Amino acid sequence: MAKSYDEINERIRQSEAVVVTAEEMIDIVEDRGAEQAAEEVDVVTTGTFGMMCSSGVLINTGHTTPRMKIQRAWLNDVPAYGGLAAVDIYLGATELPLSDPLNKVYPGEFRYGGAHVIEALVRGEDVVLRAEGYGTDCYPRREIETLINLRDLPSATLLNPRNAYQNYNVAVNGSRSRPIHTYLGILRPKLANAGYSSAGQLSPLLNDPLYRTIGIGTRIFLGGGVGYVSFAGTQHDPTGERTPGGVPKGGAGTLAVMGDLKGMSADYLRGVSMTGYGATLAVGIGVPIPILDAEMARFTAVRDRDIYAPVIDYGGAYSENTGEVLATVSYDQLRSGTITVQGKEVRTASLSSYSKARAIAGELKGWIQRGEFLLSRPAEPLPGVDSAPGCGLLQVRAPNGKGKLRGLHGPR
Amino acid sequence: MSHRTVVLSFPRTTVDQPLISTMVRRFNVEVSIIQAHITPDEAGRMVTHFSCEEEEMEQALDFLRQSGVEVNLPLKNLVRHEQLCVHCGACVGQCRSRAFSVDPVTAEVVFDHTRCIACELCIPACGFGVLESIHDRLAEEG
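In the order they appear, the protein sequences are chains A and B. In terms of my numbering, the first sequence opens at residue 4 and continues consecutively. In terms of my numbering, the second sequence opens at residue 641 and continues consecutively.
Hints listed in this document are in silico derivations from the structure and should not be mistaken for laboratory results. Predicted model, so just to flag it, every value in this text is computed and none were measured. You may find that some hints are simply not true.
[Claimed, not checked] If you want a taste of the chain A side facing chain B, the calculated C-beta under 8 Å gives, among others:
hint : residue
1    : Gly188
2    : Ile189
3    : Asn196
4    : Gly198
5    : Met277
6    : Thr278
7    : Arg350
8    : Thr351
9    : Ala352
10   : Ser353
11   : Leu354
12   : Ser356
13   : Tyr357
14   : Ser358
[To be verified] Simulated restraints, written as ranges between beta carbons of each label pair:
hint : chain 1 : residue 1 : chain 2 : residue 2 : range
15   : A       : Glu135    : B       : Arg644    : 57 to 63 Å
16   : B       : Arg777    : A       : Arg126    : 20 to 26 Å
17   : B       : Ala676    : A       : Arg145    : 53 to 59 Å
18   : B       : Arg705    : A       : Ser268    : 48 to 54 Å
19   : A       : Arg126    : B       : Glu682    : 57 to 63 Å
20   : B       : Glu780    : A       : Pro247    : 55 to 61 Å
21   : A       : Glu43     : B       : Leu713    : 57 to 63 Å
22   : A       : Tyr109    : B       : Ala779    : 22 to 28 Å
Note that beta-carbon positions come from the ideal geometry of N, C-alpha and C, so glycine has one too.
Let the hints inform the model, and build the full structure from the sequences given.
This is the structure we're talking about:
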């Protein structure tokens, strides 16, 4: 028997909805079968907490007197983008202060970046805003230096173009010489260790592998507050190889998400310094999945042993884009602490936090059980498996004199 | 047999004396040197493991103290600011002595300091600033 969003939301309003986490759903479907589970369970909650570089905050600072059109801005010395309307600025998570030595002394530490400013804002700390403008008739002010605080800002919106990757690579270092520093951690040579980053059986898009319910407009847990899926994320590419159960065997779907920073918490938004790589933001996301029918029950009962990821050599094949896959392993194997690659036992480490993912799924479950959080039906689905690839290589073409400033009327 | 982590601070006046080898011969101590920062004409610091009979351990440590070496017996080889930890597991992948592991039930990272050999490979691997060198901490505290 199929259920509708309206029926599920009515049960949530009455505090009668049966809500379980994606971990709990595994046993329910195993014990009672998908048909019965779909009868009994209304919502399955998912969660993930990991480094999501494509994240940032869109801030409206409020207007100054006299007014100012901010062209360039810095928050705690980290540059923010000002190429927007007067007092809108965008601070990216991976942005770094101009004074940062980067990787000049390798490996760089990247102690402070945009992500750390975002964490400071969420913690309620004062942040120094410094900005410059060129002055116009309507916006004459040219500079400002002031403390700002999240509680006083007219708006601060977490606006993340690519989060919650549906599955991801497992990284190893096949070189023979030196450790490498990647976004999947420090990898020792000769396949000494492997890094991976997915909540596996708890991960949002792995519990709705064909995007039947997660789409544009889906209300989600974002950074400890409420947010929305605003679009398919950049590099959303549903076209890759999948298991018979529909689960992609490598990176596939992604989500663009937005939400009010003011409702969020530093428990679920943390600045991260990746040695030799850069600064990034650890983001907590939880997506509720309505159990509309038995198929959704089956999807949400996915378990780590049924989810596979490709092992890629980040000491060569990854940076050179060769597409070579050293091995395919399951998340069950990854969580066991060792995998086998080319006959060698390799230690594994998760770069995302499974315990935080579990906490997020649990927190979202509580919100829904208490009737505080309703499900939204997507306005549009995400591009599905039959759509065009969303991730590809850049064709490099010589400019040959193109791209010069020509102004409004073209060449004279 | 007694095993201890011992952090030794050598003032400038002791750097040129063969104190460790004298101690090893006299008290039959097995010494594993985990870290050493010793430069002639400057103070130095060593992080070590001592293994020997209980009685000789005390005598060996007394010998070093009487020779002017500052002896620290930290309970841990590594400072872990646990409140900052998100329990990802980046440290686990670096830890060859298996001091760090993931609890299979709670999925949280646990640290068994008795297994830690203070190699400190975990410190740069942690992006959340959880881990700090005991060496740096002692130096900071003077």
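Each hint tested on the structure:
1. Gly188: Check passed: Cβ of Gly188 (chain A) comes within 5 Å of chain B, closer than 8 Å.
2. Ile189: Check passed: Cβ of Ile189 (chain A) comes within 5 Å of chain B, closer than 8 Å.
3. Asn196: Given a least distance of 5 Å, the restraint on Asn196 (chain A) holds.
4. Gly198: holds (6 Å)
5. Met277: This interface hint holds because 5 Å falls under the 8 Å limit.
6. Thr278: Hint holds; Thr278 (chain A) Cβ to chain B Cβ min 4 Å, cut 8 Å.
7. Arg350: holds (6 Å)
8. Thr351: holds (7 Å)
9. Ala352: Holds, about 3 Å.
10. Ser353: Since the shortest Cβ distance to chain B is 4 Å, the answer is holds.
11. Leu354: At about 6 Å, which falls below the 8 Å cut-off, the nearest Cβ of chain B leaves the hint on Leu354 (chain A) intact, so it holds.
12. Ser356: holds (5 Å)
13. Tyr357: holds (4 Å)
14. Ser358: holds (4 Å)
15. A:Glu135 to B:Arg644: 57 to 63 Å: The hint (57 to 63 Å, Cβ to Cβ) holds, given that Glu135 (chain A) and Arg644 (chain B) are roughly 59 Å apart.
16. B:Arg777 to A:Arg126: 20 to 26 Å: About 25 Å separates the Cβ atoms of Arg777 (chain B) and Arg126 (chain A), which means 20 to 26 Å holds.
17. B:Ala676 to A:Arg145: 53 to 59 Å: holds (56 Å)
18. B:Arg705 to A:Ser268: 48 to 54 Å: holds (49 Å)
19. A:Arg126 to B:Glu682: 57 to 63 Å: violated (41 Å)
20. B:Glu780 to A:Pro247: 55 to 61 Å: Given about 57 Å between the Cβ atoms, the range holds.
21. A:Glu43 to B:Leu713: 57 to 63 Å: Given range 57 to 63 Å: holds, Cβ gap about 58 Å.
22. A:Tyr109 to B:Ala779: 22 to 28 Å: Because 24 Å falls inside the window, the suggested range holds.
Consistency with the previously given hints fails for number 19 only.
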